[in-house]
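Novice: What follows is the residue order along each chain.
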Amino acid sequence: MTTKNSLTQKSMPLYPAKTKIQVTIIFFVVLGIYTFSMIKTQEDMVGGFGGALGNMYTVIEKFFPPNFAILSAIWDSMMQTIQMAIIATTIAAILTVPLAVLSAQNITTFKPLYYVTRTFLNLLRTIPDLVLAVIFVGLFGVGVFPGILALTVFSLGILAKLISETIESVDMNPLEAMRASGGNVFQVIWYSLVPQVAPQFTSLVLYVFEINIRASVVLGMVGAGGIGLVLNQQLKFYNYPNAMTIIIVIFATVLIIEFISNKLREALL
Amino acid sequence: MENLQLPPKPERSLFKKIRTIIILLLVVALYVWTFTTIDIDWGRAIERAISNFHRVIPKLFSPDWAAAGEVGAAMLETVFIAFAGSLMAAVLAVPLSFMAAQNMMGGKIVSTIGKWILSAVRAFPDLILAILFVVAVGPNAFAGVLAIAIGSTGMLGKMFSEIIESIDMEVVQAMEANGANKIQILFYGVIPQITPEFLSYAIYRFEVDIRASSILGIVGAGGIGTMIIFASSNRNWNEMGMILFSIIIVVTVIDFASARIRRKIV
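Those protein sequence lines, which keep their order, are chains A and B. Each residue of the first sequence is one higher than the last, beginning at 85 in our numbering. Each residue of the second sequence is one higher than the last, beginning at -12 in our numbering.
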């Protein structure tokens, strides 16, 4: 085995030379943009990267130990955050049904309608949740309502897209059979589309609920209600141990809800 | 015709029935709790909306073109933050994903630890990470890069580990049978199978990060978010319109380009 096999010495190259050159060029372009981005983003940082790392430790230390005495005071806002996510997810789940059906290519055979809904949803999805929250806070004033509205609009875009994709992947045979035996549009949808989509629908709604929980904890930063509001106040007063408690509570809540939602989704599918 | 009968419905076990009822009751209770305890001041919200409507909505649709240069520069910074952050995350996610994948490092313990690390990282919303990094490295774009990098590592690591778990293990076994060592198996058996999907997910993550990094400025982590906060506290809705316009354009262009590239890779 010690003598080298002639096959391994003159073996076929794994990839053709052209691919190799292409990959090398792409690699260096990516690396170049990365280096440029790193330089650009560190431009106005005092002390450079090394200084920052040292600094990080001393500052992070200020967050500890977290002040758990405020737990009872933040409980209400945490619950409010969860309620915001529940309401927003529910409204989005209801509104998404017509939108998802209209943006599914196999159900909406009238092309212009399909393209209009698709484009509308694509535009909706480009707007970040917090930007929506900022606008709604400007419109309705500080409070829970703009937060719910922002979450609803934001999750509507995601949910409608995911569900329309599910609808597009269903088995079309039952639908055709229904249509052939004289079912009208609503009968076809109710008896042969809904049973096929229902488990996926529930699973996706739960997934969007997780996203909403995560989004709703930060909405308060711009005045849209919930725990973010409290967190923002504590940070403004440089009250880091309190802020750390809030962060830990958020962390735990997100983990617990994700766990429950994961278990439910596993049971569903 | 009257004799036609539907086939009997399949019997459901008592356990399943009870389970369904309990879940239903829990959901109803959840909704009752939610709708009875949430306090929305409808009167004030509607009153505000009526008095603010003409001050906000029409202005959003007439963007302030004079601010285009400034907004463009901030948007460019946002793209830089997202790019640097996602690339960092893509690199960081690789070892973690190998750790979390059940078919690589061997042993359920390592895999469980890896999965726990990843879900712990994922539980932090991007903005919370940004707050921590702003405190640590100061209010600048680099805090945003770090927040994006850590935030995306959790999600990418999970996706990557799922890809690794779904590879064709027969190739690996064949190589093992032929006496290939671990490094050879990694380079010739595993990496060629996972590279296209890894790249595809990393590029997809860049799309997500563009959206994420556009709001990081709200807590001082650079990018266009800084301008969002200024525009909203000054009630400068024309400028907000411009910001919104630029976000929509950039996100759409990057989504489109990324979809094209991903279709080519996979």
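Hints listed in this document are in silico derivations from the structure and should not be mistaken for laboratory results. Just so it is clear, the structure is predicted and the values come from calculations on it, not from any experiment. Careful: at least some of the hints might be erroneous.
Quick list of in silico lysine to aspartate or glutamate cross-link-like pairs, EDC-like style, CA-CA up to 16 angstroms [what the hints assert, rightly or not]: (1) B:LYS102 - B:GLU149; (2) B:LYS95 - B:GLU184; (3) A:LYS195 - A:GLU252; (4) B:LYS102 - A:GLU342; (5) A:LYS245 - B:ASP242; (6) B:LYS251 - B:GLU149.
Chain B is faced by these chain A residues, among others (derived, beta-carbon under 10 angstroms) [claimed, not checked]: (7) VAL114; (8) PHE120; (9) PRO149; (10) ILE154; (11) LEU155; (12) SER156; (13) ILE158; (14) MET162; (15) VAL218; (16) VAL301; (17) ALA351.
Glycine is no exception: its CB is placed at the ideal position from the N, C-alpha and C atoms.
Novice: For every hint, state whether the structure bears it out.
Specialist: So, going through the hints one by one against the coordinates:
A C-alpha spacing of about 11 angstroms is found between B:LYS102 and B:GLU149, which places the hinted pair at or below 16 angstroms, so the restraint holds. With a C-alpha separation of about 24 angstroms, the suggested pairing of B:LYS95 with B:GLU184 is violated against the 16 angstroms cut-off. The straight-line distance between the Cα atoms of A:LYS195 and A:GLU252 is roughly 14 angstroms, inside the 16 angstroms bound, and the hint therefore holds. Distance restraint check for B:LYS102 and A:GLU342: the Cα-Cα separation of roughly 14 angstroms lies within the 16 angstroms cut-off, and the hinted pair is therefore satisfied.
A hinted pair counts as satisfied when its Cα atoms are at most 16 angstroms apart, and A:LYS245 with B:ASP242 qualifies at roughly 14 angstroms. A threshold of 16 angstroms between alpha carbons decides the hint, and for B:LYS251 with B:GLU149 the separation of about 21 angstroms lies outside it, so the pair is violated. For A:VAL114, the interface hint holds, the least distance from its beta-carbon to any beta-carbon of chain B being 7 angstroms, beneath 10 angstroms. Satisfaction of the interface hint for A:PHE120 is found here, the shortest Cβ-Cβ separation to chain B being roughly 7 angstroms, below the 10 angstroms cut-off.
At a threshold of 10 angstroms, the smallest CB-CB gap from A:PRO149 to chain B is about 16 angstroms, leaving the interface hint violated. At about 17 angstroms, the closest approach between the beta carbon of A:ILE154 and any beta carbon in chain B exceeds 10 angstroms, and the interface hint on this residue is violated. Given hint, A:LEU155 at the interface with chain B, is violated; its Cβ is 18 angstroms from that chain's nearest Cβ, farther than 10 angstroms. The interface hint given for A:SER156 is broken, as the beta carbon of that residue sits about 16 angstroms from the closest beta carbon of chain B, more than 10 angstroms.
Against a cut-off of 10 angstroms between C-beta atoms, the interface hint on A:ILE158 is violated, since the closest Cβ of chain B lies about 14 angstroms away. For A:MET162, the interface hint is violated, the least distance from its beta-carbon to any beta-carbon of chain B being 13 angstroms, above 10 angstroms. With its C-beta approaching chain B no nearer than about 5 angstroms, A:VAL218 sits inside the 10 angstroms limit, and its interface hint holds. Hint status for A:VAL301 relative to chain B: holds, with the closest Cβ pair at about 6 angstroms, below 10 angstroms.
Checking A:ALA351 against chain B: minimum C-beta separation of about 9 angstroms stays under 10 angstroms; hint holds.
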